[in-house]
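Undergrad: Which chain is which? The protein sequence lines are C and E, in order. The working numbering applies: residue 1 is where the first sequence begins, and numbers increase by one. The working numbering applies: residue 1 is where the second sequence begins, and numbers increase by one.
It should be emphasised that the hints constitute simulated quantities derived from the structure, not laboratory data. Worth double-checking, as some hints may not be accurate.
To be verified - Below, a list of computed lysine to any residue pairs in the SDA-like style, where the Cα atoms sit at most 25 Å apart:
#1 K256/C / P41/E
#2 K75/C / K18/E
#3 K191/C / G207/C
#4 K256/C / P62/E
#5 K256/C / K12/E
#6 K256/C / E81/E
#7 K75/C / C51/E
#8 K285/C / S36/E
#9 K256/C / K18/E
#10 K285/C / R64/E
#11 K256/C / F52/E
#12 K75/C / P37/E
#13 K256/C / M48/E
#14 K256/C / R42/E
#15 K256/C / P79/E
#16 K285/C / P62/E
#17 K256/C / S38/E
#18 K256/C / V57/E
#19 K256/C / C51/E
#20 K256/C / E61/E
#21 K256/C / R64/E
#22 K75/C / S38/E
#23 K18/E / Q40/E
#24 K256/C / P37/E
#25 K285/C / E61/E
#26 K285/C / H63/E
#27 K256/C / E53/E
#28 K170/C / T35/E
#29 K203/C / K75/C
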Amino acid sequence: MSFRPDIVIVGAGIVGAACGFELAREKFSVAVVDAAGIGMQTTAAGMGHLLVLDDSEEQFALTRYSLSLWNALAKHLPPAVEYSRCGTLWVAGDEDEMAEVVRKHTYYGERGIQTEILDAHALREAEPALRRPLAGGLRVPGDAVLYPPCAAAYLLQRAAELGAKIFLGKAVNSIRNGITRLADGTVFHSKFIINAAGQFAPKLTPGIHIRPRKGHLVITDRYPGTITHQLMELGYLKSAHSISADSVAFNLQPRKTGQLLIGSARQYEVADGNVDFAILSRMLKRAMEYVPSLGSLSAIRVWTGFRPATPDQLPFIGPWPDDPSIFLAAGHEGLGITTSLATGRLAVDFLLRRASAIPVEPYLPSRQIEGVTHA
Amino acid sequence: MPDSIVVWVAGKNVEVPKGATVAAAVFVAGAFCRTSPSGQPRTPFCGMGICFECRTVINGEPHRRSCQVLCEPGMVITPDEC
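Modelling step: build the complete structure from the supplied sequences, incorporating the hints.
TA: Given below as structure tokens:
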């Protein structure tokens, strides 16, 4: 066929969409291919938070950078994206967690992110629905939430306006040596192929260490004003990042519709997407420990999804050592919405051979090979 | 009416037979159950608790499915906004 893109992007989730957007803006000719549609897998299943996280220095650098890109884009986002800069409120249950609030405040502050420490009284004023007593909290005013599938659609629409071609409902059979073969027989020849297939990335690039990590979410009917910030328990990182065990953590979001999105749960080694009532019940009990009135609200939908998780909780962004035509942009676990724009920027920087705004080494796929050697 | 009860629908006094659903009372009152986010008035569709079109505020509690709740004397029923 006559269309010869510079770059083929496999995956129209938020990461593939962000790559398409950034590449099209730099005048690359781009094809984006997805087996289903725009943002229909992990992107459709997640909560859609844009937040800075300090689980590691590298994660902080990537999330902070990406959030700055979202901030610049925010004023252009159409209403359907439901962008809301509600801020995050990290909730401290006791004095130990309050010490963590202070540490976090200092850590963020030293790295240019302004936060505010709330004592028990201020926390009550900020979010009256939270249970009492609680020790306090940390407000991160720059964090936001949005509706991810519409954000992905917006990014791809912008890319298409700049000439990108989007192929939906087209499964990709293989990517290798600059050749992308679709199930329908179409073949693309390009200089680079970006594997942004998330949890399916290892199918196309065997050997990448990405495992699906199952999650559950609940959404309620509309109860506007119940809470005004995204609420997270400070134990979140502990439970979110324990590698093996099933875990739940309190995470509650106010959506623009007035609905409340209730999370979160993490499970490895569960292949089926069925709702698991045992973990759902644990998740909701955890949420009600923090916001007791949740128990009287009606939930309208429960669903599951899979995060593409890597062993060190950092995404793979960079060339794949086994095939110089393959650039990986996958493995963003539960932070792909936040880190998508930075991923797109790092991909463009690589292709243009220009310096990036943050050090790229921590995200290079080659670290996996080094990691295996040292394991 | 011997076996009848009186409820309030959107500020109006309505008499319905015992055993009537809240949705029926809303119908008798000529009112609607809720206003959709785009501002449209809504009334029951399925009548069996599945479609959630008939959500209404009962005694201050929002999002009750009016087709699934029986009237009780003095109930206060107002349109939901959802």
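Undergrad: If a hint holds in the structure, say so; if it doesn't, say that too.
TA: How the hints compare with the structure:
| no. | hint | in the structure |
| --- | --- | --- |
| 1 | K256/C / P41/E | holds, 21 Å |
| 2 | K75/C / K18/E | violated, 55 Å |
| 3 | K191/C / G207/C | holds, 22 Å |
| 4 | K256/C / P62/E | holds, 18 Å |
| 5 | K256/C / K12/E | violated, 33 Å |
| 6 | K256/C / E81/E | holds, 14 Å |
| 7 | K75/C / C51/E | violated, 36 Å |
| 8 | K285/C / S36/E | violated, 31 Å |
| 9 | K256/C / K18/E | violated, 40 Å |
| 10 | K285/C / R64/E | holds, 23 Å |
| 11 | K256/C / F52/E | holds, 20 Å |
| 12 | K75/C / P37/E | holds, 23 Å |
| 13 | K256/C / M48/E | violated, 29 Å |
| 14 | K256/C / R42/E | holds, 21 Å |
| 15 | K256/C / P79/E | holds, 21 Å |
| 16 | K285/C / P62/E | holds, 22 Å |
| 17 | K256/C / S38/E | holds, 14 Å |
| 18 | K256/C / V57/E | holds, 21 Å |
| 19 | K256/C / C51/E | holds, 22 Å |
| 20 | K256/C / E61/E | holds, 21 Å |
| 21 | K256/C / R64/E | holds, 21 Å |
| 22 | K75/C / S38/E | holds, 23 Å |
| 23 | K18/E / Q40/E | violated, 30 Å |
| 24 | K256/C / P37/E | holds, 11 Å |
| 25 | K285/C / E61/E | holds, 22 Å |
| 26 | K285/C / H63/E | holds, 22 Å |
| 27 | K256/C / E53/E | holds, 21 Å |
| 28 | K170/C / T35/E | violated, 41 Å |
| 29 | K203/C / K75/C | violated, 37 Å |
Hints 2, 5, 7, 8, 9, 13, 23, 28, 29 from the list above are not met by this structure, while the remaining hints are.
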